[in-house]
Structures are given as structure tokens and as C-alpha cells.
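> In order, the protein sequence lines correspond to chains G and H. Residue numbers for the first sequence follow my numbering, so the first one is 1 and each next one is one higher. Residue numbers for the second sequence follow my numbering, so the first one is 341 and each next one is one higher.
Since the hints were derived computationally from the structure, they do not count as laboratory data. Possibly wrong hints are sitting among the right ones.
When the alpha-carbon atoms are kept at most 30 Å apart in a straight line, the in silico DSBU-like pairs for lysine-lysine are as follows [claimed, not checked]:
1. G/K77 with G/K22
2. G/K268 with H/K393
3. H/K591 with H/K393
4. G/K77 with G/K13
5. H/K494 with G/K310
6. H/K464 with H/K494
7. G/K105 with G/K41
8. H/K443 with H/K433
9. G/K246 with G/K169
10. G/K13 with G/K41
11. G/K246 with G/K105
12. H/K464 with G/K310
13. G/K310 with H/K474
14. G/K51 with G/K116
15. G/K260 with G/K246
16. G/K169 with H/K393
17. H/K494 with H/K393
18. G/K310 with H/K393
Covered stretches of chain H (in silico footprint by chain G; criterion: 3 or more residues with CB under 8 Å from a CB of chain G, positions within the stretch not fixed) [as the list claims (entries may be wrong)]:
19. 395-408
20. 469-476
21. 533-540
22. 547-553
All values reported here derive from a predicted model rather than from experimental measurement. All C-beta atoms in this analysis are idealised placements derived from N, C-alpha and C, irrespective of residue type, glycine included.
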Amino acid sequence: MASDDESCLMCHKMPGLGRYAKDENQNATKRILYVNEALFKASYHGRLPCKSCHRGVDEIPHTDAEKVDCASDCHIKDPSSNSGFSHRAIVHDLSMSAHGARQAKAGLEDDLPDCKYCHSNKPYQRSDADHRQSMKFLNICLQCHESEEWAERFYKHISYRASIRRSSKQIVELCSQCHADRVMMDNHELDVVVGFNDTFHGKAIRYGDAEVANCLNCHAPYESGFSPHSILSQRQSRSPVSGDNKIETCRQSGCHTGAKEEFATSGKIHPASFTTVQMMRRNTLNRPGDADPETAFQEWVLHMISLFYKTLIIVVVGGLALHQVLDVLAIRRERRARGG
Amino acid sequence: MQRYPKIALRNGKRYFFRFSQVQRIQHIVLFSTVITLALTGFPLRYYDQPWAKPLYEFVGGIEIAPWIHRITGLILLGLFVFHTGYWIYLFFKNRVGRLIREKTLSVGNVIREFFSMEMIPNRKDFFDLIDMFKYLLYFSNRRPHYDRMSWKEKFDYFAPYWGIPILGPAGAALWFRDEITHYVPGIVLNAFYIMHTDEALLAALFLFFVHWYNVHYSPEKFPMATVFLTGYLSEEEMIHEHYDEYERIMKEEGLELEIIPQNH
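Here chain G stands alone, though its shape is the one from the complex (with noise of 0.2 Å):
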């Protein structure tokens, strides 16, 4: 096992050790300070001392400690500048896009995600014969590299970036975990997200295609400059998802390549039901831009197709059904009558 340079296992190895905190609503929080060593240094992070993001902690009790800030320097250097190592950018990206804090009203910032609220610093875990492939390669790095720890840490810091390490239908769980909260959404005057499975996209997602578009392949493109970091609002012009952008979104390599213009004009992507948005009208579709009068008119056009429908279905196979039901009662008339 690694050695402990900064002595901080001596306590944090002890299974059980924790304490009662009380939040801003002073509310008794669990908190538990245990630190599984195997599993933090099988970690992203695990090569890192404690310090480089738990800053102060001099003192015992750590009346000292600074919250964990992921934009400040690391003690390790990238080796592409030489220079120290920091997230700050992608920090800054995050505060710039929608989900910055600096977007939210007043009183409501902290529903906005912070770094963790994505990133858990999970193990490196690959199953059997990922692992066995990986060994195989690692051969290759051994012919010039000697350190095989290290050789193993480069590799899988290369090869868990190149893989799309969370499923398309964890994605859209994770973000439905608020843009599906209809309090939280109406909150931040934001349309609630309810039509997405309803969409092929979320159908296919559901019965388990990695192919189809997610959340992240629509909002942040990478082939488009963006990364979930710098989701931007529909409402700001240089958003994928607005106006004229939608369709070069949709006509991403992969996807609907041959689609024209008209392809991107069908209203809301991922619309709630008709009934969901009569409910909802009042709330959120009311506000500026919102009210255009030829979604409005598409929507309509679309609800009467579908009523017409049931309505044929209710009377056709009602009827009919009724006509079965009453003709069951005929033939035991008749066949009474024969005496049968």
C-alpha cells in the first residue's frame, strides 16, 4: 500500500467514523468522514494527496477546512503546459452555461448542479474482459515504460476518457433527476421535460440503443464545439436547440444527415402530451416567445387528428362491441326458443 505522507488514514482508515452536522435548515445531517483507502486509490483521484483538494485541515478538529473547490490549482503538473494542473476551466464553462449558478434567481442556486452533482470520483472498473484486452495492451506500453503502475493509471486515464462511460438512458435519468421536477422547474420558470420518452429517441433509449440521441447529443455537441459543461438555454440564439441551429444539430453526422430545413420545424422536439400542456399552459408556456401563434396552430391541428380518432374508435368499436354483446343474448334467446 501507498504511503499515507500526510498521516490523514491514521484517523479517516477508522470504519465508523462520522458526525451528526446540522445544514442551513438545521436539520441533523449524517455525515460519514470513513475512507475506504482501496477504493480512493483505485479512484480518478486516488493518486492524489488528500490536501490537493481538502485545503486547510492543519488543525485537529479541522476547524480550518476550506470547502473543496475544484477550479483551484492541483500540485500535480499538466504535462502538456508543464504548468499546474486545475479544472478552472471547465469550472468556468459550467458557470458561464445554463446551469451556471450566476443563471439561477436569487434564493435558488443551490438546485443548480455543482461538479459532484455528475462527477462521484468513481473507481476505474472494467469487467473481465475489458481487463484481460487491457493487459494485452499494456504489454505494449511495458516494452519501453518500467513502471507497470504507472503504465496502468496513463492507460486507463486515456482509455475511460475514449468510452462513453455513462449510458445514454443514465443520462437521461441523471438530468431528469430536476428537468423532470415540476416544482423545481416552475421554480426557475422552465418547461418541464415530461415528452422525452414519449419521442422515438426515448423509446429506442429505452429498449437499450446506445445509437440514438440523448439528452447530450442535442444540447451539447461536441461536433458542434459544446460539452455537456456548456449546455446553453434554448432561448439564447447560439444554443444547438434554437432556432435556425436545430437543424444542423439534427443533421449531425450519424443521425438525420439527408433531413432539409422542414425537418426541424415541427414545433417542440420532445412536446409534452396535450393534456399535460393544457395543465401546465398557465405555468410555463405563457411566457414571452412562448406564445407563437403557429405552434399554437400546429398543436391544434395535431390534437384534432387524434381526437377524431378516438372518437371513431370509442363509436366503431364501442358500437360494434355492444352489437357482440347484445347478439350473445340473441342466440341464447334463440336457442331457448328451439328448446336447445
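Chain H: place on chain G using the hints.
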């Protein structure tokens, strides 16, 4: 001898001709494709139901089921085209041909012949429908005497024959969704999606509750009417369901004295 005698005798019982071999084959293709399309389509419409995922996995899952659906849809469209050609061929061969032979060919006569075809709804169907409900609701004691095709059978026939020209093009547009937007606005795709699934739901409910009652669940047919396999209907069924035609054929075949009254 005729290929299909109007009355066939088996074990001393009379059986009346209804469907030729080519018609029976069309029916088999129709129900096989419709059932396949329903099994590969409805799990997508009802994705949030507990049965949807196991059923979809069973019919091939997200990789294979859509292709089964598309190819089966093409077969059904092919059947639609074949059937349309088939009745147009029969119409010209039997009816327009007769008009030519009798030298009475005119636009009016052709239109009259068209509307007297056995599948076209007519005035009698309307009154039969009213009479049937009178009978079912105890206002009368007599089942209507249906001719060769009753209004029920015409319903059964036009349900799919109407449905396919809507389902097929709408399905094809959703299949070629990129290309179709070169000609129509994207909102049409949303409309096609509603039409495709709602029309399919109408068809499926109709087949399940109406058609399958007529040929499976009805106390007179249970467990299964056999006419779709044999092409012939028993005398008892003819008396019950097609009395006008029964009388007519018996007279044509010189069996007038053996006609059995309906409420025997």
C-alpha cells in the same frame, strides 16, 4: 364441372361456396402480416407498460423488430396493391365483360354495376343494420335476411381496406423521415405518427372485439369458424347468416322444395 360448385356435399350435408383459393390465401397473408405488425409495433406505442419490454425483446428487440415491422409492412402494402388489382380484374372480366357481350356498355351501366358489387355497401345494408338492432333490442322477432355479404362483413372488409392506405404511407414517411422533409414540413411527421398509431389501434381493437367475435368467440362459432380454411359454409350457418343468398342458391340449383325456414 365448375371449379367451385355452389353447393358441395360432404357426408350428406350441404356446404355453400364462399371464398376461392386465391381469396383464402390473401386472407392468410393479411392476418399473418397484421399480427406481426401489431406485435412489433404496439410495444413502441405502449413502451411504459410492463408487457412492452418482454414482448419487444421476444420479437427481436430494438435492433431487429423495426426491420421485421418495415418488411412486413411492405408485404401488406403489396397485398393491398394485389387485392385492388384483383377486384378491378374481376370487375372487368365478369361485369364489364357481360355488358360488352350484351352490347349495353355505357357509363351509367358501369357505375350501376360497380355499386351492385357484393362488397359495396347499399340501401339494404342500412335497413338490415336497423332491423338487426331492432331484433337485438327485442323490438322484432326476426333476424334480418342477409344476402351474400352482410353489413357486418362489409365492416370487416373495409376496416383494413380503409386502414392500409393510411397506415402504409404514414409508416413509409416515418421510415424515410429525412427524405420526406424535402417535400413536406416536419409537422407532417408528427401528424403521421398520430395517424399511424391511432389507425393501428383502431384496427387492432376492431379485429379483437368485432372480427374475432364474428369468427371465434361467438357461441355459434366457438372455437373457430372454418370457412377461412375450407371456403365453404354449412347449411345451418347459411340459414342463420345469409338467408336471402341461401334461398337464391337453392332455387338456382333446383332445390326449391328443400329450403328450410329460418326459425325452424
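> A separate judgement is required for each hint: does it hold in the structure or not?
Okay, the hints, checked on the actual structure:
no.	hint	result
1	G/K77 with G/K22	violated, 37 Å
2	G/K268 with H/K393	holds, 27 Å
3	H/K591 with H/K393	violated, 57 Å
4	G/K77 with G/K13	holds, 28 Å
5	H/K494 with G/K310	holds, 22 Å
6	H/K464 with H/K494	holds, 12 Å
7	G/K105 with G/K41	violated, 39 Å
8	H/K443 with H/K433	holds, 15 Å
9	G/K246 with G/K169	holds, 23 Å
10	G/K13 with G/K41	holds, 13 Å
11	G/K246 with G/K105	holds, 27 Å
12	H/K464 with G/K310	holds, 29 Å
13	G/K310 with H/K474	holds, 27 Å
14	G/K51 with G/K116	holds, 18 Å
15	G/K260 with G/K246	holds, 11 Å
16	G/K169 with H/K393	holds, 15 Å
17	H/K494 with H/K393	violated, 36 Å
18	G/K310 with H/K393	holds, 25 Å
19	395-408	holds (count 4)
20	469-476	holds (count 4)
21	533-540	holds (count 4)
22	547-553	holds (count 3)
Hint compliance for this structure: hints 1, 3, 7 and 17 are not met, and every other hint is.
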